[in-house]
Amino acid sequence: MTGYWHNFDNGSTVLRVSQVLAAYNLLAIAFADNLAGTPGGITFTLDTGGLGGYTVDQFKADVAARQAAGGTVVISVGGQNGHVNVTNATEAANFAQTTYALMQEYGFDGVDIDLEHGINATYMEQALRQLRNLAGPDLVITMAPQTIDFQAPTFEYYKLALAIRDILTIVNMQYYNSGTMLGCNQQVYAQGTVDFLTALACIQLQAGLAPHQVGLGLPATPQAAGGGYQSPANVTAALDCLATATRCGSFVPSDPWGPIGGAMTWSVNWDATNGYQFANTLGAYLGTG
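Under this note's numbering, the first residue of the sequence shown carries the number 89, and numbering increases by one thereafter.
Take these hints with a grain of salt, some might be off.
Now the in silico label distances, taken between C-beta atoms and shown as ranges [to be verified]: (1) P310 - N169: 36 to 46 Å; (2) G141 - H171: 23 to 33 Å; (3) T332 - G296: 14 to 24 Å; (4) N98 - A372: 21 to 31 Å; (5) G296 - N221: 38 to 48 Å; (6) H171 - T101: 24 to 34 Å.
The set of hints was computed from the structure by calculation and includes no laboratory data.
We put the beta carbon where it would ideally sit given N, CA and C, even for glycine.
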């Protein structure tokens, strides 16, 4: 189960990495920043002031402790306000080298691609394969595309996911802040329903991603997104539907896929404001907490 951790204070709640529930066995640190003067490069600056005096040494120790307990921690690149461009070979090399440098400095297990302002599949693949060469086979690569990104095979996120599926850990689609979308059956679905999750996840599964590479991303609370919130019970229903064709809405897969990769939420901080309903429900369902 993936959760995003805020390296900022947006009024939800401030958490240290050590305070995040263990049920979130994949923690995405939000977010990396552009590295000034290095096109395609990224850096990370802990918001010590905004996080109540949380120091870099404390952060690094908490990351290491989480990993020692069996958790995974990745650095997320992008978000709503993040702009990192990887559009040529130089930028691809810079991305790989600076991401690897952050992995070495902070102990991150890998990288989450959450670029919401366009990507170039050719050069991002190049960057991620270079990073894999640097980091080795244990590198974790996650992605959080928006729903529009998988509406056609010609779209860049769609192309990237299939191009790197041999080294890809999981794609956690953001099933929120979305307009209506086409499902794999070419029917139109609206956010906020089990069908929206299942009929769109079906696109990725039919495209060739392995079931364990497909996750369902939802806001932890209604306040965490502009729209698309669903109860944790709906999320488990969608997971059951995709796995066994039970608890479905109107969309029922003719050939269910077995258990898929899990669930993601924006964010652990928002979940904390809601009594950890997402973590408690999904963690119990997925066996992570």
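Results of checking the hints against the structure:
1. P310 - N169: 36 to 46 Å: With Cβ atoms ~21 Å apart, the hint is violated.
2. G141 - H171: 23 to 33 Å: Given range 23 to 33 Å: holds, Cβ gap about 29 Å.
3. T332 - G296: 14 to 24 Å: holds, 21 Å
4. N98 - A372: 21 to 31 Å: holds, 28 Å
5. G296 - N221: 38 to 48 Å: Given range 38 to 48 Å: violated, Cβ gap about 24 Å.
6. H171 - T101: 24 to 34 Å: For T101 against H171, whose Cβ atoms are near 27 Å apart, the range 24 to 34 Å holds.
The structure does not agree with the numbered hints 1, 5 stated previously, though it agrees with the rest.
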